[in-house]
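Enquirer: Produce the complete structure using the sequences and hints provided.
Chains as they are written, first to last, in the numbering used here: chain A, 6 to 300; chain B, 6 to 300.
Don't read these hints as lab results, they were simulated from the structure. Fair warning: there could be bad hints in the mix.
No copy labels: a pair is met if it fits in one copy or bridges any two.
Dumping the calculated BS3-like pairs for lysine-lysine here, alpha-carbon to alpha-carbon at most 30 angstroms [what the hints assert, rightly or not]: (1) K108 / K172; (2) K108 / K251; (3) K262 / K172.
Number of protein chains: 2
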Amino acid sequence: MNFQNELEQRTQKALKVIEHYLPAEEGFASELAAAMNYSMLAGGKRLRPVMLMASYELCGGTERVHEPFMAAIEMIHTHSLIHDDLPALDNDDYRRGRLTTHKVYGEAMGVLSGDALLNYAYETMLRSFSMTAYPDRAARAMQVMAEKTGIGGMLGGQSVDVMNDGKPLSRDMLDYIYRNKTSALIEAPLMAGAILAGADDKIAERFRAAGTAVGLAFQIRDDILDVTGDAGEIGKPVHSDEKNHKVTYVSLVGLEKADEEVRRLSVEAAALIRQTEGDSRFLEALILELTSRNK
Amino acid sequence: MNFQNELEQRTQKALKVIEHYLPAEEGFASELAAAMNYSMLAGGKRLRPVMLMASYELCGGTERVHEPFMAAIEMIHTHSLIHDDLPALDNDDYRRGRLTTHKVYGEAMGVLSGDALLNYAYETMLRSFSMTAYPDRAARAMQVMAEKTGIGGMLGGQSVDVMNDGKPLSRDMLDYIYRNKTSALIEAPLMAGAILAGADDKIAERFRAAGTAVGLAFQIRDDILDVTGDAGEIGKPVHSDEKNHKVTYVSLVGLEKADEEVRRLSVEAAALIRQTEGDSRFLEALILELTSRNK
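Expert: Structure representation (structure tokens):
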């Protein structure tokens, strides 16, 4: 099967798993469930659940314990998008061509539905204990998911990004923001999938390093596309970083070096994944696809 | 030892445990940690951690596995206060005589620090697995904490309260809001303490029922104090419910019946706790103190 067909099939499978774990829209709190589901079903590439599944399979997992984790990583990611879109943060009215959650359900429900999705990610992961012969692996995978989501991961990166909006950034700080805001939620599914399948610390660390590299490459690619991309093709305005005097990887090191760095990082990530025993072709191809995207 | 001295000692112990588990204010995300700690150390009665500890001890717990849970329930409660105070929700500038988190750190950090505290509650509870000979109990206690926090508990109650602000409420809906917005985060520490100590489902259910009753009594007492209380003594404006045309237990059934209901519920809760083998005097006294408060 070619890569695009396999990606399509795996994305469909991820969507089915996600739908299975969404809250029922019933009872007094049905409106909260509706707001949670609205944002969860607003489209998107389901990249993180697809990565988690691929990592679990590559490391030899044979149970279905990874499925609640697939749903959970998408809930955590969606939580961050809902809160990021709020007026107090990026103040975005549209995402993926649809009204953002707070525009449809009101700002209070934007706050609460983001909270409820973050919490539901844990409710969902906790269901995995009864789905596995290895509850210790599920506990360890949850620890990684929690750490990568919190102050030592995505939320830490978000806070530094928000606090320094429009200010000059050092290379160190930009690196910190990219590693936490973007890489952390790619490290989490790669590591969690491996850990759930029984991978030891050494392998989990390799998946962590691959996730860091993929996240950085993805983010630098974003900076490059803002300079070179076509607004119609990307689906969002270009040259916005320059207009907003935003410090990016491109403004710090230039287009050519940024491009080289993306290539270096994606090759590095694929090489790390290839060290795993088993058929790593899909995961390697996914990494290259992500880091070479033109939109 | 008399009750007030014991309560004071136990509150100090709870504060020490909470402080032990707070995030370090260091590195790039130090401002996020500072915002989290600002709200966690803004005072308060530390009621929920004290209850969790009392329930753990009453049910015969002898490890220190309940300590991360004590910190976690306070983080969850504080998360709900930070987000509740945001302009999009209650828009409060002060809480307990201090500026609210978003007034000090800005609205974006108000959102993010609330998120980070909710997530940190899970990071903290997950540390308990290495502190106990009974990881299955820790997993079960986490499930209860998660369920009582989310759409089936506090956040569900918050959402219905927010959606119906200023609208006429049925008795059923008011009951739903009180049981979820208030009781759920009292049920959680009572149940989690019992489960961590090895209590079976029957005992956990008794602690759940006691928590429901305490939460309802506490909330109805709040409604009563809004009518009969002295603003100076309570530390917040009175008659605000009437001014805001808010449906409360008092407006639905009248002062006298509301008062009777508080008494009935607190006696019921104390009786449920008293069925536990062991010295239940402190927990019973705490329940009666809470439900008979004059401020």
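Enquirer: For this structure, which hints from the list above don't hold up?
Expert: none
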